[in-house]
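Visitor: For the record, the sequence lines run as chains A and B. Position 34 (the first sequence) corresponds to 545 in the working numbering; numbering is contiguous. Position 140 (the second sequence) corresponds to 142 in the working numbering; numbering is contiguous.
Treat the hints as calculated values from the structure; they're not laboratory data. We put the CB at the ideal spot given by N, CA and C, even for glycine. A few of these clues could be false.
To be verified - Within a straight-line C-alpha distance of at most 30 Å, the following computed DSS-like cross-link-like pairs (lysine-lysine) qualify:
| no. | chain 1 | residue 1 | chain 2 | residue 2 |
| --- | --- | --- | --- | --- |
| 1 | B | Lys321 | B | Lys346 |
| 2 | A | Lys550 | B | Lys52 |
| 3 | B | Lys430 | A | Lys567 |
As the list claims (entries may be wrong) - Listing some non-contacts, in silico: residues in chain A with all C-beta distances to chain B over 12 Å:
| no. | residue |
| --- | --- |
| 4 | Thr517 |
| 5 | Ser518 |
| 6 | Pro570 |
| 7 | His652 |
| 8 | Thr661 |
| 9 | Gln663 |
| 10 | Pro666 |
Stated by the list, open to error - Which chain B residues face chain A? A few, computed with CB under 7 Å, are given here:
| no. | residue |
| --- | --- |
| 11 | Gly165 |
| 12 | Thr167 |
| 13 | Pro401 |
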Amino acid sequence: MAKTITSKVFVVQDNIDTDQIIPAHYLNLIPTIPEEYAKLGSYAMAGLPDDQYPTKFVPEGQVKTPYGIIIAGRNFGCGSSREHAPIALGAAGVEAVVAESFARIFFRNSVATGELYPFDTPERLCESVKTGDEATLDLDHDTLTVNGKTYQLKPLGDVRPVIDAGGLFNYARKSGMIASAQ
Amino acid sequence: MTLTEKILARASGKPWVRPGDNVWVNVDVLMTHDVCGPGTIGVFKREFGKNAKVWDRKKVVIIPDHYIFTADAMSNRNVDILREFANEQGLEYFYDVIDDPKGQWRFDTAKGNGVRQFGGRYSGVCHSSLAQKGHNRPGEVLFGTDSHTCQSGAFNQFATGIGNTDAGFILGTGKLLIKVPETMRFFFEGALPRGVMGKDVILHLIGEIGFDGATYRAMQFEGPGVSSLSMDDRMTVTNMAIEAGGKNGIFTCDQKTLDYVNARVAANGTKNTFEPVEPDADQKVIYDKTFDLSKLEPTVACHPDPGQRKLAKELGNIKLDRAYIGSCTGGKTSDFLAFAEVVKGKSVKIDTFGVPSTTEVLNDLKATKWDGQSVWDILASAGVRLTENPGCAACLGGPADTFGRVNTAGIKCISATNRNFPGRMGHKEAQVFLASPATVAASALTGKITDPREFLC
Ligand code: SF4
Numbered sequence: 512m513a514k515t516i517t518s519k520v521f522v523v524q525d526n527i528d529t530d531q532i533i534p535a536h537y538l539n540l541i542p543t544i545p546e547e548y549a550k551l552g553s554y555a556m557a558g559l560p561d562d563q564y565p566t567k568f569v570p571e572g573q574v575k576t577p578y579g580i581i582i583a584g585r586n587f588g589c590g591s592s593r594e595h596a597p598i599a600l601g602a603a604g605v606e607a608v609v610a611e612s613f614a615r616i617f618f619r620n621s622v623a624t625g626e627l628y629p630f631d632t633p634e635r636l637c638e639s640v641k642t643g644d645e646a647t648l649d650l651d652h653d654t655l656t657v658n659g660k661t662y663q664l665k666p667l668g669d670v671r672p673v674i675d676a677g678g679l680f681n682y683a684r685k686s687g688m689i690a691s692a693q
Numbered sequence: 003m004t005l006t007e008k009i010l011a012r013a014s015g016k017p018w019v020r021p022g023d024n025v026w027v028n029v030d031v032l033m034t035h036d037v038c039g040p041g042t043i044g045v046f047k048r049e050f051g052k053n054a055k056v057w058d059r060k061k062v063v064i065i066p067d068h069y070i071f072t073a074d075a076m077s078n079r080n081v082d083i084l085r086e087f088a089n090e091q092g093l094e095y096f097y098d099v100i101d102d103p104k105g106q107w108r109f110d111t112a113k114g115n116g117v118r119q120f121g122g123r124y125s126g127v128c129h130s131s132l133a134q135k136g137h138n139r140p141g142e143v144l145f146g147t148d149s150h151t152c153q154s155g156a157f158n159q160f161a162t163g164i165g166n167t168d169a170g171f172i173l174g175t176g177k178l179l180i181k182v183p184e185t186m187r188f189f190f191e192g193a194l195p196r197g198v199m200g201k202d203v204i205l206h207l208i209g210e211i212g213f214d215g216a217t218y219r220a221m222q223f224e225g226p227g228v229s230s231l232s233m234d235d236r237m238t239v240t241n242m243a244i245e246a247g248g249k250n251g252i253f254t255c256d257q258k259t260l261d262y263v264n265a266r267v268a269a270n271g272t273k274n275t276f277e278p279v280e281p282d283a284d285q286k287v288i289y290d291k292t293f294d295l296s297k298l299e300p301t302v303a304c305h306p307d308p309g310q311r312k313l314a315k316e317l318g319n320i321k322l323d324r325a326y327i328g329s330c331t332g333g334k335t336s337d338f339l340a341f342a343e344v345v346k347g348k349s350v351k352i353d354t355f356g357v358p359s360t361t362e363v364l365n366d367l368k369a370t371k372w373d374g375q376s377v378w379d380i381l382a383s384a385g386v387r388l389t390e391n392p393g394c395a396a397c398l399g400g401p402a403d404t405f406g407r408v409n410t411a412g413i414k415c416i417s418a419t420n421r422n423f424p425g426r427m428g429h430k431e432a433q434v435f436l437a438s439p440a441t442v443a444a445s446a447l448t449g450k451i452t453d454p455r456e457f458l459c
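Chain B on its own, in the form it takes in the complex:
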């Protein structure tokens, strides 16, 4: 069996499963956020009754992150609905924006985005938070009301996105009926050269198989090249499995995985037992291709979908108006460090926005010092507009007052995020180009799409 088949067999109490089988799986973690949480709670109450209790209060993780730092009253209300539910159900893992369990969340526009406006429990973008707060464990089954839930597959687990109705069903029963996907195998050899990142790997693969090349399928990443990829790089790769239509993306487990997971579950006191899976030697896959990571180059997905693959060095004629670094895909500490390495001591030429994915990333950037200067200050001196309020921000547009949102037609933006369909970052007549943080940084310096290796020696 493949990694996905092994996990689904275990979770459904069967000795084995085959692609196409419909199986009821027991869920280890259900994650929801402020955009889909209120609707999920609505479905749960409508179907199981006003006084119903969730199936397991330690397996529900609620992470407000999408529409947080906005004056939009409906969005603020949605965070309050999550809080009320977490209180009523006694949920342990609710990463609230504010500290007062009886309070109401209101964004203070007078203070704005430059000043931090969150309490001690707040974390930020849900997928990054799942990893950092110790909710990702090898061999488990995780569902989330968000399409990029597949990111958690970096930790050798089955993870996929679902809608409110399915999530409401899980809240009440702890189970979901799913179809076992066929597996596509991506076999990695070699190591990434300087200036090339996890983002380039996945943009390359999506270009290879097409924006719907993995529809209904599992993308399995294995081979000797895996060990050279950091956990952050692996998360970037699995995060975008959905951009090829994939049901899930999943990596094999190695020492790096175990070290990361063990440290995180210990730090946050979450469940610390788990059982990784390995692929069988006779596993059956419907696609099998080897990729030499050392041959990859900085890659860009052009407007209007993540499958429009080009090399950064071929796109020097595309002039840009804006650059953006942030999100689950491109707003991790390592992403900002790669960005900072390129812009250090220089000045950006176009409007450039930076949004840390989580509060931990924010703290890392302030604490990490290069030649006595914090990375945060290095970015600010290069002219990057930063917010102290981590979250999804303009990755998916959001309310009009969202930090970094593209509000004007015709704008061309290069972004470290994961999706570039029309309207994704705000205006439906804007264009978004997806690239690695290093490529975004180099492009911010020149005002046109630029291969970051020009700035790295």
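Excised from the complex, chain A in its bound form:
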């Protein structure tokens, strides 16, 4: 099935750690409880310093973000192992993050939860692309098109079917690795 994602982008720089993605004082929320899942989404990216990021990721009074794609520099998602981070982004409506590189645990958690597609971009995009630009991500060709230019991304490979399936458990069941839930 051909799959593309078209959305406005939100652009961040290097080393966006999990405290900036979801500040630690919201970790008392439990992601498997639906109301608390939605709340986590409303706080996504609330830890970004206001002076560097004057545009709010989730607009005041709303629970979802208008930005379905995040463009980032190096080491996106570094810091803690909290799964609340990809979950908060997913709950806010983010479908993909395109970064120069990811921290290992964030990448793994994105795949395990199936919350979002983490794409590596060989080219640094966080300087040339601006928050609010419209982009199209082509998952079958691993490309991102923005401002009339198309960039080749690193293919997701093995992890794409896991995210397509909705995460580790759905994938493991589909492929017979574990039995169905009772």
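Given the coordinates of chain A, assemble chain B with the ligand onto it according to the supplied hints.
Guide: Same frame as chain A, but now just chain B with the ligand:
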């Protein structure tokens, strides 16, 4: 093979593995805490059913430690969820805050943080507790829902942090699919000079390779210099492997390792069989560098990330508002002793907070006497604000009423903790400088970043 490859080969039942291989490993210990435990339990129940049982009730260790001494009702609730699960599953290793298995945890704000509010089973910060309670053993595989789980690698084991979904999967199956990392070798020679600690070693190494220099990789520490490092120093080093992006950090095993582990498993009655690993002479590593420990100096990681390396003596112009000693990285007994040695008989100049990592550390500080005075009293007389309630406290900010939390913009804090991204200790417009307990102590005395050797003769 390297240390990591040997352990992963054994845990996956293979004669050997290579970097890049994806292998299913059998898990020896799964650790979770109050921040990620409830979500992990949620995933486990959703996926394996309401009445599912964990794969092995002796291999699950639950340690509430993060948001404990707070009036935040949701945080208190999370500890209760852990208790309910531990009861229902018959878990042996649940280090509860309270003694009553049917009770509910509520922090008494009227008593506050000066008075101890925990029961006989409570331990404190999860990584320190794993070591002290005999859950760290050479040659084993340990996963934890916390990024600093890599600390356990000090004991010659493979240990790394995972998310709730992976942890839920382990709870049900006892297995996890992981990729074998490439290994970077850090070869130590010499011994640390006075005033220089394990924290300085790891801050130096992170500065060397960069904040993402070990991403997806194992950091392996070996060489003749290892034997001079105490187990506490080794724990500080492996604890921060994640701050260079590392998947795990791991030390070779020696007599110090064996003595520590044997004493701890005996004291807590945990499993006492294990098989250490040694690196092969023909192991393949992708980075190999020798470090002379005797040449290292007190080191600081400046705001805003752990890779901003400077020497303490170069930073005398940075004025501070606050100092903090605590956490898995910097709140152990030896950390407090190093701190106390610097501040003994003097007075701190800025707000200074001290949080023992575990109840054992608290007891040690009260029991250790120098010239007839307990180290606890020495710290208190120097003006350090101490809490009797061990735990993570302000290391990661937490709810607004958390002891020592940085609640004001613009504050500059020097801290013995491990992470200094914006907002880590509370306010997102505060700055955190990471340093050894000795450097934090010297800086607390002067109000600016200070090399502790100025106070040690
Ligand atoms: S003390 Fe800090 S780094 Fe250690 S486990 Fe607690 S929050 Fe994490």
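Visitor: Determine for every hint whether it applies to the structure shown.
Guide: Results for each hint:
At roughly 22 Å between alpha-carbon atoms, Lys321 of chain B and Lys346 of chain B fall within 30 Å of each other, so this suggested pair holds. At most 30 Å may separate the alpha-carbon atoms for a hinted pair to count; Lys550 of chain A and Lys52 of chain B meet this at roughly 25 Å. At roughly 15 Å between alpha-carbon atoms, Lys430 of chain B and Lys567 of chain A fall within 30 Å of each other, so this suggested pair holds. At the 12 Å boundary, the C-beta of Thr517 of chain A stays outside the reach of chain B, the nearest C-beta of that chain being 28 Å off.
Listed as a non-interface residue, Ser518 of chain A keeps its Cβ farther than 12 Å from every Cβ of chain B; the least gap is roughly 25 Å. The claim that Pro570 of chain A is not at the interface with chain B holds, since no C-beta of that chain comes within 12 Å of its own (minimum 19 Å). His652 of chain A, annotated as away from the interface, keeps every beta carbon of chain B farther than 12 Å; the closest lies near 25 Å. Residue placement check: Thr661 of chain A keeps its beta carbon more than 12 Å from all beta carbons of chain B (closest about 27 Å).
No Cβ of chain B comes within 12 Å of the Cβ of Gln663 of chain A; the nearest lies about 22 Å off, and the non-interface call holds. Residue placement check: Pro666 of chain A keeps its beta carbon more than 12 Å from all beta carbons of chain B (closest about 16 Å). For Gly165 of chain B, the interface hint holds, the least distance from its beta-carbon to any beta-carbon of chain A being 3 Å, beneath 7 Å. Given the 7 Å rule on beta carbons, the hint for Thr167 of chain B holds: about 4 Å separates it from the nearest Cβ of chain A.
At its closest, the beta carbon of Pro401 of chain B sits 6 Å from a beta carbon of chain A; the interface hint therefore holds under the 7 Å criterion.
Consistency note: the structure conflicts with none of the earlier hints.
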